[in-house]
Amino acid sequence: MSGPEYLFIIAAMGLVTYIPRWAPVFWLTRRPMPRWLVQWLELIPAAILSALLVPVLVTSGQPRQIDFGRPDLLVALPTFLFALKTRSLGGTVVFGMALYWLVDKLM
Amino acid sequence: MTNPLFVKFYSCFAPTDLQRDSSGLPPGRQWCIRAAPPVAVETSVQLGFIEWEPGKDDRPVTPTDHLQGRETLKKGAVAAWPICLGYIPIGLAFGVLAQKIGLSPVQIALMSLLVFAGSAQFIAVSMLASGASAASIIATTFMVNLRHLLMSSSLAVYLVGRRRGVLSLFAYGITDESYGVNLDQFRSGRWGMGPALVLNHTANIVWVLSTAAGGYGGQFIPPGAFGIDFALTAMFICLLVFQLRDRRSVVAAAISGIMAVLLSVLIPGNLYIVLASVAAATAGLLVRPAGRKEA
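If you read the sequences in order, they're chains A and B. This note's numbering puts the first residue of the first sequence at 1, with every later residue one more than the last. This note's numbering puts the first residue of the second sequence at 1, with every later residue one more than the last.
Bound-form chain A, shown alone:
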């Protein structure tokens, strides 16, 4: 693969990645959104974080398969309780990492 071809590919990748990031904050921020849209968008974070997180915990392999036996899930449960209790982002990250490291050592 030639240098210019590589440059073209990554530039185009950058562009098609940037457009979906940019269009909503650029166009939806002109005037207040309708109330129903705001309410819907208010639910997006919980939904999207859950959709990003849960499959990582309970699926593995390529193609993905359901797998409840992963250390990630085992560590995620106490980490979730820790986050619920402390509401500390940094603390949760450190706690989760330490526990994951420990589980990794023991298993």
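It is worth saying that the hints were derived from the structure and are not from the lab. Be aware that a few hints might be false.
Quick look at which bits of chain B chain A covers, simulated, 3 or more residues with Cβ under 8 Å [stated by the list, open to error]:
1) 196-206
2) 268-274
Not close to chain A: a few residues of chain B, all C-beta gaps over 10 Å, as computed [to be verified]:
3) 70
4) 71
5) 72
6) 73
7) 77
8) 93
9) 100
10) 105
11) 190
12) 209
13) 217
14) 245
Idealized CB from N, CA, C, for every residue including glycine.
Fit chain B to the known structure of chain A by using the hints.
Here is chain B on its own, set in the frame of chain A:
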């Protein structure tokens, strides 16, 4: 003696599940909950206008917009550290992989700078290795990163009326991770465009550097050291906890999680993120919001 404004003002804090712990609340609420009981009715009249409505009153102006220089830098960088911690091992791993298919550290850094999207970059590199056409790599990248459309829309709620140039710069840094942290901070009202941009670009610099470092010889770093592979998962767990504010959001998160698992097994790629989120948020709207009853 009951002042109607006071009643109205106070009733909007009815979701008692939220009052249990005020530390995770938007400051509007935090402040009111702390301030309302001890102070006189007159104060509550003054405060009455603060009646909090999600995405409305806490949206436009955040006090931290006026923060200057060092404080903005510090705030953004402090909030960025869990993201950076997670990006380093992934960036190194990406660099190692990219170097194996013959990319130089400069080429790797350039891709990280232009694209700035972890999973899409991994996929692109494996496609490059297998000799896929430019068009298919670009189309796949687009599909993989389409989820940012939803994230950007949900951030837009807090960014109404801001300058378009700044918004365009901010948009560059929207990743899964920066989205989660920025959204939580904007919601809380402790945030502004300054720290948000610092956070985005700190994460970006760390990403570019760690991918390039991986290209130089990241294979010497032992994988899985100190549980660092779990850093981003732990961060997402906590960010999700912050988002579970009422019955609606809990229902939306539960539906989304279950749907995402099922869809991720059924369909290849990561379209399941968008599908599950859209369906779950829509379903969440059907749930009567607890404690937000208009009397």
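Against the structure, the hints:
| no. | hint | verdict |
| --- | --- | --- |
| 1 | 196-206 | violated (count 0) |
| 2 | 268-274 | holds (count 3) |
| 3 | 70 | 20 Å, holds |
| 4 | 71 | 19 Å, holds |
| 5 | 72 | 19 Å, holds |
| 6 | 73 | 18 Å, holds |
| 7 | 77 | 13 Å, holds |
| 8 | 93 | 16 Å, holds |
| 9 | 100 | 14 Å, holds |
| 10 | 105 | 14 Å, holds |
| 11 | 190 | 13 Å, holds |
| 12 | 209 | 17 Å, holds |
| 13 | 217 | 21 Å, holds |
| 14 | 245 | 8 Å, violated |
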